[in-house]
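J.: What follows is each chain in one-letter form.
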Amino acid sequence: MRPQPTSTGPVAAAPAVHIDAPEEPPRSPKQIARARRKAAAKRVWREYRKNKMGMAGLIILGFFIFVAIFAPVLASSCGLDPTCPSTGPQLQPPTFKYPLGTDDLGRSVLTLTIWGTRISMIVGLVSTAITILIGVTIGLIAGYYGAWRESVLMRLTDWFLVIPFLPLAIVLATLLGPSFYTVIFVIAITSWPSAARVIRAQVLSLKTRPYVERSRALGASDWHLVTRHILPNVGPLIFANTVLTVALAILYESTLSFLGLGDPLHTSWGTILENSFGAGAPFAGNWWWVVPPGLAIVLVVLSFTMIGYALDDILNPKLRAR
Amino acid sequence: MGGTGILVAVVMLTTASFAGIAGAQSATPSPAKETQFIYGVTAPNSSLNPLVGYLGIDYTIWSLEYNLPIEFATKDFGADLEQSIVTSVDTSSDNLSFTYHMRSGLKWSDGEPFTANDVAWTLNFYKERNISNYAGDMSIIKSVEATDDTTFVINAESPTSVLNGQSVWMYDFILPEHIWSTIEEPKKFENVPTVGSGPWVVTQQKPGDLVRMERNPNYWGTEIGLTPHVDVIIEKVFNDENQMAAALQRGEIDFGFFDSANILNSLSTTPNIETHGAQIPLFDELAFNSGSAFQTNKAGGFVPHGDGIHATSDPAFRRAVAQAIDKQTLVDKVYGGYAAVADSPVQPGATTGNWDPPPEEALSFDLEKAKADLTAAGYTDTDGDGTVNDPETGENVVLRYYTRTSDQNTIKTAPFVKSWLNEIGVGVKVAAVSSSKLTNIILAGDYELFHWGWFPNPDPNYILGIFTCEQRAPRPGVYDNNDSYFCDPAYDQLYEQQLTATSTEERVEIVHQMQQILYEQQPYMMLAYTNYLEAYRTDRFTGYTMQPEGVGDLLATWGPFGFLSIRPVTGEAAGEAKSEGIPGWVWIAVVVGLAVVIAGIVLGRRRVSDEDRV
Amino acid sequence: MSTRRYLISKVLQALLTLAFVLAFNFFLFRGVGDPATELLRGHSGISRQAVEQLQRQLGLDLPLPQQFVHYVKETFQGHLGYSYFYNLPVSRVIAGRIWPTVLLIGLSTLAATALGIWIGIRQGWRRGSKYDQGMLGFTLFTYSMPEFWFGMLVIMAFAVGVGPFPALFPTGGYETVGASYTGFAHMIDVVNHMVLPFFVLTLAYLGEYSLIMRSSLLETLGEDFIVTARAKGVRENRVLYGHAVPNALLPTMTVTILQLGFVISGVITIELIFNWPGLGLLTATSVDQRDFPVLQGLFLLFSASVIVANLVADLLYSYLDPRVRAG
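Residue numbers (the numbering used here), protein chains in the order written: chain A, 1 to 322; chain B, 323 to 936; chain C, 937 to 1263.
Don't read these hints as lab results, they were simulated from the structure.
It is possible that part of the hints are untrue.
What the hints assert, rightly or not - List of simulated lysine to aspartate or glutamate pairs, EDC-like, C-alpha gap at most 16 Å:
#	chain 1	residue 1	chain 2	residue 2
1	B	K691	B	E745
2	B	K734	A	D313
3	C	K946	A	D158
4	B	K751	A	D313
5	B	K655	B	D678
6	B	K740	A	D81
7	B	K528	C	E1111
8	B	K751	A	D81
9	B	K655	B	E745
10	B	K649	B	E607
11	B	K655	A	D81
12	B	K509	B	E450
13	A	K52	C	D1068
14	B	K734	A	D81
15	A	K52	A	D313
Model the full structure from these sequences, guided by the hints.
T.: See below:
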């Protein structure tokens, strides 16, 4: 099992961009801030484009998103139903008609893999969204307010971190019954502690920045500080973190489905592997039933990871090449 | 530099000494002088204690260690008085007391005499402690007394035929009193090593991993020609079938019980391996909710509960739907051909013999007839949306249909059933849940249809009993067996009668009548009698005998006779296991090579550092 | 803060965490529903009376707080309860499974760490080089793959022998069944059975460690003291192995120790696939069998191990990095 991406240390905020403004009518602070952010984003994108790893990841991801969206066009959903006339002979190696062969009910593995994209990616994305939401909230509160709130929340976080992910996930999923909602819930519940920790660390380092202290001296409210200063600066790194979390979530979903905790009546890459393993595919040498879904998982997770690391490389100044 | 040199020297010295030891020991493992038979199973034993365990594989082991009063004949599950500890039975004229005559000179594996006293003590013990495995059998027995060393008398609660010795009723293992009566908490007794009376006894158990059985030196059967040809039996637990199949292929095990038809099929093409789909009482069914929300019969403290729809409580509806299920297709596609179409919860090989539905009443697969019967019963599509409507409520008839995540066959069956039912206009909502969740749903009565199965005993009493009104779950959350909520007072009456019929023929007749009722009422749509999937090596052991004859289980796990009949293929060395992998000396070479490489890197690095000056 | 105060505070925190784990453990499994019915389903003699009897036997008819107190008391006496499924003390069921898991996890973590660090160092040192990029691709790939999928491929390739691959090793188990090997021959037998799962686990975790080491090294190389060392004329090799690596190694080592929780998770699917009779397999089968006392015991064992590992990592870190103690 893979852990959450670990923070590589306290991180400096992205340095403010100094725009040499040409002669223009004075702009409102909001406009200035927005322009600054747009320029920063452009700069990041420019850097990103130079990053081969990041671009490769983006292309691969794009391909899978395309497949997920256009699944019904690429392969008829009837192919998921064993009573559909399109099913062929059982357990056939790849042929022209069935490019990735068939499973034990005669369904085309290619169809299964294409359709599996949807659930695998949706579950990964949704569970990550929830994870980050919880993690950011808790990490922000803990890091920003400090004192007893921080102690309590961090204590809670540490406790959850101690319990190993998969045993907890298995037991929860068994209690809640096999379905993808359960999987989403379980992933979120077991992943938020890492996210909270990382975010808190970053908030902490930001809290002591001069401009934050200056703002506070000028009487800025907590809300203002959080939304105008902390979040935007922590934002990019949270984003990088999020991308990496999606990668893990997709891996987790495949593991939970493999162990029989996903919804067996629907197709995700994990359930395809669960079926193939349960039917003895490795032993019988039915490699076409095993390789494609796993390869798909690898590629998607890889793409998210590469994007995440590329972002991390760009946004984390300490990692920049000398 | 010197430090590294010493390190390298130490590494090389160590591996050299390993090589030396290897040369001395790795030649061949000490050859076993015993014949060893290893069979693989896919789930661990629950317990080797006959009071507590309940799985089929537990029964397999107990049937090798203990005796039933009367054993199941290999041929047809009949009473095998020639090979049992009991040789004859006298029935009193009032059919209330039965005198059993035993062989003399029987011994337990520890040398103690095995007498009628042990039998009486065991049966009374089972009854007093209400041991659930045997409670059904004990219900007709009032008490048991040993009148002398080889005679015991069973007093029945009411006149009956089941104890007359013409069929096997007591599926109850006889325990040694001198061991069990001394144990304070019998249910916590691990029972290893076992003192038993069968041809083998358990000598070692690694929970969840393996069980080892060795020959009982005092086995009485040798006197009548029941001689074991195998010295040691090992049951090995594989938590994954693929592993077991590979082990069979490698020759690491001699026999395996499998779950997946796919694996069995690929094994059947392997040389030296035979496969067999054994017919056993195991069956799968689609069960209806026959009306947990509507019934007024209060037997067993029943209170109507649940939100099952009205349609499934209507036998005419159920009969119509039953004709929309193509059981043969399911047998072929879902069970891989390793099953037989079923029509009754009492299997063809039961002790009461086969029963077939009269041909004019048969509910065969016929979608047109199913649709017609539905219409005739009043279920038509009144609102034109494709789904028939219930004549009483006007609502669309949609069945909540549950499959179980622990059983792939239920998952695979669902799309077929859904498709057929939709064709005749019945709506279906399929869900997959865990077995325990499904149990709760059933107890709450919140379902219309589910897919499950039972593994009945050779005697039909137990499986017939689950359809009695009394065994319906009375309220949500309180367990009972009648998971289709079937309730028919006439059926219940017949159930009492079969137990108290005074002749075996009479009993058989009554049982057949009950099967008829169940067929007409269809609380269960019987799907298939599923096979035990068995595969074994032909180059190791031979002499496998099926129980029942010609079609059944090869290791005849209802008694010791199957295991007793196997013997090593002649010319073969004593079933020694072959190990697989890379021989020891290659490993040594690898380790040495690795050590040399690492040493090289370490030394090399130091040298480079000298040259690498800024 | 003095070392002793720090130590004590850390230990107290660990104990507090353990207490939380105990409570969480208990309530998690009690919230399940009735194990009695689950245990008896399919049992040939099952009936309402049997279920009620079992419920009484298991003490499930007592009020929840009472059950909890009883649970805590028993745990401290080392009684982890009685397995529902095996009808044996939980400690007996768990005990026999510890060694295979320790063996597998221990050796593969060692190999993965050693290899990962070595690769990570070379990558970080020569960032951007072909080696770096190549290894990056490789480690990213192994990091992204589900370990059980890789296990299935390995089984197909080296145990079953699909296509051009040779069937070299047994497909699973700890040792050859029924064989009576002793001493060295037995060790070789176990080694042969362990090769494939060991290989899969090592490769699966290697990526993570090398990536951490790499980024840790890169970060360290950006530090001021490295610039200083170079300016002082220290040899490159010395800069790397004498200054950069030790500092980069520290966070890597502590992260490695902290990964224990995840290694435990990973080992579950691998033990399942290879039928390796360890704690991971026991976890998977106990879930299937709804054997809650065993699961509780396993949870406790896993969490306690992670707590201890965290404690060790904390103490190690504080011992080796004096800055932390002040914080």
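J.: Determine for every hint whether it applies to the structure shown.
T.: Cross-check of the supplied hints:
The suggested pairing of B:K691 with B:E745 holds, with an alpha-carbon distance near 12 Å, which does not exceed 16 Å. Between B:K734 and A:D313 the CA atoms are separated by roughly 47 Å; this puts the pair beyond 16 Å, and the hint is violated. The hinted pair formed by C:K946 and A:D158 meets the criterion: a straight-line CA distance of about 13 Å does not exceed 16 Å. Of the pairs offered as hints, the one joining B:K751 and A:D313 is violated, with about 49 Å between alpha carbons and a cut-off of 16 Å exceeded.
In summary, the hint linking B:K655 to B:D678 is not supported, as the alpha carbons are separated by about 24 Å, beyond the 16 Å threshold. Taking the CA atoms of B:K740 and A:D81, the gap is near 11 Å; set against the 16 Å cutoff, the hint holds. Straight-line distance between C-alpha atoms of B:K528 and C:E1111 comes to about 14 Å, which keeps the hinted pair within the 16 Å bound. A C-alpha spacing of about 15 Å is found between B:K751 and A:D81, which places the hinted pair at or below 16 Å, so the restraint holds.
About 19 Å separates the Cα atoms of B:K655 and B:E745, which puts this hinted pair outside 16 Å; it is violated. With a C-alpha separation of about 10 Å, the suggested pairing of B:K649 with B:E607 holds against the 16 Å cut-off. For the suggested pair B:K655 and A:D81, the alpha carbons sit about 13 Å apart, so the restraint of at most 16 Å is met. A distance of roughly 14 Å separates the Cα atoms of B:K509 and B:E450; the hinted pair therefore holds under the 16 Å criterion.
Restraint check: the Cα-Cα separation between A:K52 and C:D1068 comes to about 13 Å, which is no more than 16 Å; the hinted pair holds. For the hint pairing B:K734 with A:D81, the CA-to-CA distance comes to about 10 Å; that is within 16 Å, so the pair holds. At most 16 Å may separate the alpha-carbon atoms for a hinted pair to count; A:K52 and A:D313 meet this at roughly 12 Å.
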